[in-house]
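Enquirer: Below, each chain spelled out in residue letters.
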Amino acid sequence: MRHAGWHRVPIAVLAVLAAVACTPGSDSADERPENRPAGQVNTDAAAMGEVTLTVWDQEVRGGQEKQITALNEQFQRTYPNIKINRVARSFDDLRTTVKLGLTGNDAPDVVQVNNGKQDMGAFVKAGLLRPLDGYADAYGWTRRFPDSVRRLASYPENGDSLGDGNLYGLPQTGELVGIFYNKTTLAALGLQAPKTWDELDAALAAAKGAATLPIQFGNLEKSAGPYLFALLMHRFGDPGEESKLATGRAGVSWLTEPNRSAARALVDWVDKSYLTSGFAGLKGDDSWANFAKGDGLFHINGTWLTADLQAAMGDSVGFLLPPEREGTMAVTGGTGIPWAVSAKSKNPDAAAAYINFITAAEAMKVQADNGNLPVLDADKHAKAGLQGEVFAAWQRASTSSAVVPYLDYATPNAYEVVSGAVERLLSKQVDVEAFLGALQADLDASRGGG
Amino acid sequence: MRCRRTWTRAVAAGEPRRIGYLYVLPALTVYVLFLLLPLLHTGWLSLFEWDGLSVGRWVGFDNYRTMFAEQGAGAAFGHVAVLMVFFGVFPVSIGLVLATALHRARVRALPLFRTALFLPQVIAMVVVAVAWQRIFAPDGAVNDALRTIGLGGWARAWLGDQSTALLAVGIVGTWVQTGLATVLFLGGIGKISGELFEAVRLDGAGAPTEFRVIVLPALGGEIGVALTLTMIAALRTFDLVFIMTPLGGPGGSTTVPAYEIYQRAFLTGQVGSAAAIGVAITAIAFTITFLITRLAGRERA
Numbered sequence: 001m002r003h004a005g006w007h008r009v010p011i012a013v014l015a016v017l018a019a020v021a022c023t024p025g026s027d028s029a030d031e032r033p034e035n036r037p038a039g040q041v042n043t044d045a046a047a048m049g050e051v052t053l054t055v056w057d058q059e060v061r062g063g064q065e066k067q068i069t070a071l072n073e074q075f076q077r078t079y080p081n082i083k084i085n086r087v088a089r090s091f092d093d094l095r096t097t098v099k100l101g102l103t104g105n106d107a108p109d110v111v112q113v114n115n116g117k118q119d120m121g122a123f124v125k126a127g128l129l130r131p132l133d134g135y136a137d138a139y140g141w142t143r144r145f146p147d148s149v150r151r152l153a154s155y156p157e158n159g160d161s162l163g164d165g166n167l168y169g170l171p172q173t174g175e176l177v178g179i180f181y182n183k184t185t186l187a188a189l190g191l192q193a194p195k196t197w198d199e200l201d202a203a204l205a206a207a208k209g210a211a212t213l214p215i216q217f218g219n220l221e222k223s224a225g226p227y228l229f230a231l232l233m234h235r236f237g238d239p240g241e242e243s244k245l246a247t248g249r250a251g252v253s254w255l256t257e258p259n260r261s262a263a264r265a266l267v268d269w270v271d272k273s274y275l276t277s278g279f280a281g282l283k284g285d286d287s288w289a290n291f292a293k294g295d296g297l298f299h300i301n302g303t304w305l306t307a308d309l310q311a312a313m314g315d316s317v318g319f320l321l322p323p324e325r326e327g328t329m330a331v332t333g334g335t336g337i338p339w340a341v342s343a344k345s346k347n348p349d350a351a352a353a354y355i356n357f358i359t360a361a362e363a364m365k366v367q368a369d370n371g372n373l374p375v376l377d378a379d380k381h382a383k384a385g386l387q388g389e390v391f392a393a394w395q396r397a398s399t400s401s402a403v404v405p406y407l408d409y410a411t412p413n414a415y416e417v418v419s420g421a422v423e424r425l426l427s428k429q430v431d432v433e434a435f436l437g438a439l440q441a442d443l444d445a446s447r448g449g450g
Numbered sequence: 001m002r003c004r005r006t007w008t009r010a011v012a013a014g015e016p017r018r019i020g021y022l023y024v025l026p027a028l029t030v031y032v033l034f035l036l037l038p039l040l041h042t043g044w045l046s047l048f049e050w051d052g053l054s055v056g057r058w059v060g061f062d063n064y065r066t067m068f069a070e071q072g073a074g075a076a077f078g079h080v081a082v083l084m085v086f087f088g089v090f091p092v093s094i095g096l097v098l099a100t101a102l103h104r105a106r107v108r109a110l111p112l113f114r115t116a117l118f119l120p121q122v123i124a125m126v127v128v129a130v131a132w133q134r135i136f137a138p139d140g141a142v143n144d145a146l147r148t149i150g151l152g153g154w155a156r157a158w159l160g161d162q163s164t165a166l167l168a169v170g171i172v173g174t175w176v177q178t179g180l181a182t183v184l185f186l187g188g189i190g191k192i193s194g195e196l197f198e199a200v201r202l203d204g205a206g207a208p209t210e211f212r213v214i215v216l217p218a219l220g221g222e223i224g225v226a227l228t229l230t231m232i233a234a235l236r237t238f239d240l241v242f243i244m245t246p247l248g249g250p251g252g253s254t255t256v257p258a259y260e261i262y263q264r265a266f267l268t269g270q271v272g273s274a275a276a277i278g279v280a281i282t283a284i285a286f287t288i289t290f291l292i293t294r295l296a297g298r299e300r301a
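First to last, the protein sequences are chains A and B. Note that the first sequence covers residues 1 to 450 in the numbering used here. Note that the second sequence covers residues 1 to 301 in the numbering used here.
Treat the hints with care, since some could be wrong.
Among the chain B residues that face chain A by a calculated CB cut under 10 Å, a handful are [claimed, not checked]:
1. Trp50
2. Gly56
3. Ala129
4. Gln133
5. Ala165
Every beta carbon over 10 Å from chain B, so not counted as near; a handful from chain A, in silico [what the hints assert, rightly or not]:
6. Glu65
7. Pro80
8. Lys99
Note that these hints are calculated values from the structure, not bench results. For each residue, glycine too, the CB sits at the ideal point set by N, CA and C.
Generate the whole structure from the sequences, applying the supplied hints.
Expert: Next comes the structure, spelled out in C-alpha cells:
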C-alpha cells in the first residue's frame with residue numbers, strides 16, 4: 001500500500017517528456033516577413049499615432065552612449081507620439097541575447113545586429129529580420145548611403161553571402177583598420193610618414209636598427225593577428241578579390257600567390273623581431289596602452305581607438321591608410337553595428353522612421369561632436385589632429401571601392417578559424433601552406449554544409 | 001545501525017505516513033521545475049541538429065557519436081582531465097601536508113593562516129583570472145622573478161605559449177582550491193582525539209607514521225568531500241580559461257567542455273551538439289561523485 005502511488009511515475013515521466021518534447025524551433029518558424037515596396041510604407045512618423053518602440057542597442061561606451069542619448073532625446077522631441085523604450089547592453093551581451101530576443105514573443109522593434117554570417121546572416125535565413133528595401137526607396141537611403149556601406153548589411157534570403165540581396169540594416173558609424181604611428185619617434189629617426197610599402201619597410205628596419213620597437217602588437221585575445229595579416233594581404237592582393245574572399249563567395253580560394261606572399265611577409269616580421277616580444281601573451285588593451293605611452297613606432301588597429309589615442313598622445317600620433325599597391329588602395333574596414341527591424345515588430349513603419357532619424361545628415365554631426373567617426377559626410381565634420389586624419393581617411397576609403405570587409409564574414413566559424421590560424425602562424429606551429437590550408441578547409445566545409 | 005533501523009520500523013508500522021510527501025512537495029516542485037525539467041530538455045535538444053533559430057532536424061544520437069570523433073570536443077575533455085589533476089589531486093595532496101604540518105607545529109596564528117589560505121575561495125573567479133593574467137604577462141611577476149634569479153631564459157609569454165597555457169591555468173586552479181582542502185582537513189584533524197597522537201608518539205612513531213596511521217584514515221570523509229568539490233569545480237571551469245586565455249588559448253590548447261558549450265550554443269549555432277556536451281559533463285560529474293563517495297565511504301569503514 002505504501003508504494004501504491006509509484007505506478008503513476010512512468011505516466012508522470014511521459015507527461016513531462018510530452019511537455020518538453022516538441023521539435024526545437026518549430027514555434028519560431030513563422031512566415032517570412034515580406035518586403036513592402038516604397039508606395040505601401042508610411043514615412044510620416046508624426047501621424048503614426050501613439051506607439052512604443054523597444055530598441056536594443058549596444059551604444060554603451062563613452063561617445064557612443066552620448067550620441068544615442070542625444071539622438072533619442074531629439075527624436076522624442078520631434079515625434080512625441082512615439083515613445084522609445086531603450087534597452088542598452090554591451091556588445092557581447094547583446095550578441096548573446098539577441099537570438100532569444102528575436103525569437104521570443106516580446107521581440108524588440110529595432111535591434112543592432114552584427115553584420116557577420118553567424119549573426120545577421122543567420123537571422124535573415126530564419127526570417128527574423130525585415131527587409132528594408134521599400135523604406136530605402138521611400139526615404140532615399142539608396143542615395144544617402146554609398147553602395148559599399150549598404151552592401152555590408154545586405155543578404156540574400158538564404159543568408160549565405162554578405163553583400164547580395166536585400167538591405168537589412170543601416171549603420172551610424174564607420175571604422176577602418178589602419179596604421180597609427182608615433183610622429184615624435186618617426187621624426188627622431190629622421191623619416192617621413194611612409195607612403196609606399198618600401199618606405200614602410202625602411203621605417204621598420206630603421207626603428208629596429210635604432211633599438212626602437214617597430215610594431216607594438218599584443219595578440220592574447222587573437223583579435224589583433226588578423227589585422228596584421230589583412231594589412232599584408234593589401235600589399236599583395238587586389239581589393240576586389242580580397243572582398244570576395246572575406247565574404248566567402250563562390251569560386252574564391254585562399255591558396256593563391258598573393259595570400260602566400262602575405263603570410264610569408266607576416267612570418268618575416270616575426271623573424272626580424274619587428275613585433276613586441278612575448279606578443280602572444282600580451283593583451284590587446286595593454287598593447288595600445290604601451291603604444292600610447294610611446295613604446296613602439298607603429299600600431300595596427302582600428303579607428304575606434306582614435307579618441308583614446310588622441311587624448312593620451314596629443315599631436316604626436318598620426319594615422320595612415322595602408323600604402324597603395326600599383327595605384328590601388330585597399331584597407332580593412334566596415335561600419336558600426338547596423339540597426340535592423342525585427343520581423344515581429346508590430347510597428348515597422350515607426351521602427352524605420354527611427355532608423356532614418358538616427359542616420360540622417362544632422363545625426364552625423366552628433367556623431368562627430370561626440371568623438372565618433374560618422375559613416376557619412378566625415379569630411380564635413382573633420383576636426384583637428386588625429387581625428388581629422390582619421391575622418392579624411394574614412395571619407396576617401398568609403399567613397400571608393402577600397403574598403404575590404406573583415407576576414408570573419410566568410411563562414412559561420414570564420415572568426416575563430418582565422419584568428420586561431422594566424423595565431424599558429426605567428427607562433428610557427430604551422431607553416432604558410434598549412435595556414436592557408438586551414439582557412440581553405442573552413443571555406444570548403446561551410447560550402448559542403450551550406 | 002541496528003538501533004536506527006528499529007526506530008524506522010516503529011514509525012512505519014503505524015499509519016502510512018503519506019503526509020510526508022506533502023512536506024517534500026515545495027522543494028520537489030522547485031527541483032523538478034528548475035533542475036530536472038531543464039536537464040530533460042537539454043537531453044531532448046541534444047538529439048537534434050539545431051541552430052537555435054530555424055526548425056531543428058532530428059539526428060538521434062549522432063551528436064554523441066561525433067562528439068568523441070571530432071577534434072574540438074575530444075581535446076576539450078582531454079584538457080579538463082589535466083585540469084582535474086591541478087584542481088583536485090594537487091590541492092588535496094598539498095592540503096593534507098599543510099594541514100598536518102600546521103596541526104603538528106601548533107602554529108600560534110592559525111586563524112590568520114586559515115583565513116589567508118581560504119581567501120582565494122572567496123574572491124570572484126573573474127578577479128582571480130584578471131589578476132593572474134597580469135602575473136603571467138610577458139612583463140609580469142613570474143617573468144620578473146625568473147629574470148631576477150638568473151633564469152631569464154625560462155621567461156616566456158606563459159598564456160600565449162601553446163606548451164604552457166594549460167599549465168598556467170592549472171596552477172591558478174591549484175592556488176584557488178588548496179585553501180578549501182586545507183581548511184577542511186584542519187577541521188577534520190581537530191576532531192581526532194589528542195590521546196591517539198600521544199599513543200603513537202609513545203610507540204616511537206615519527207611524523208610520517210603518524211600521518212599514515214592516524215591522520216589519513218581519520219580524514220577519509222573530508223578527503224571525499226574535498227575531492228568531490230574540487231573535481232566538480234574542474235569539470236565546470238569556464239571563467240578562468242575564458243578570461244585568462246581568450247578563444248580557447250594558443251593553438252586551442254585550453255579549450256574545456258564548458259567553453260565548447262558556450263561557443264557552440266551562443267556563437268556558432270550548434271545548439272544540439274552543445275546540449276550533448278552538457279549531458280556528457282553531467283554524466284561524468286555524476287560518475288565521479290558516485291565513485292568518490294563509494295571509495296571514501298569504504299575507506300572509512
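Enquirer: Now tell me if each hint is right for this structure.
Expert: Going through the hints against the structure:
no.	hint	in the structure
1	Trp50	holds (5 Å)
2	Gly56	holds (4 Å)
3	Ala129	violated (12 Å)
4	Gln133	holds (7 Å)
5	Ala165	holds (9 Å)
6	Glu65	holds (23 Å)
7	Pro80	holds (36 Å)
8	Lys99	violated (6 Å)
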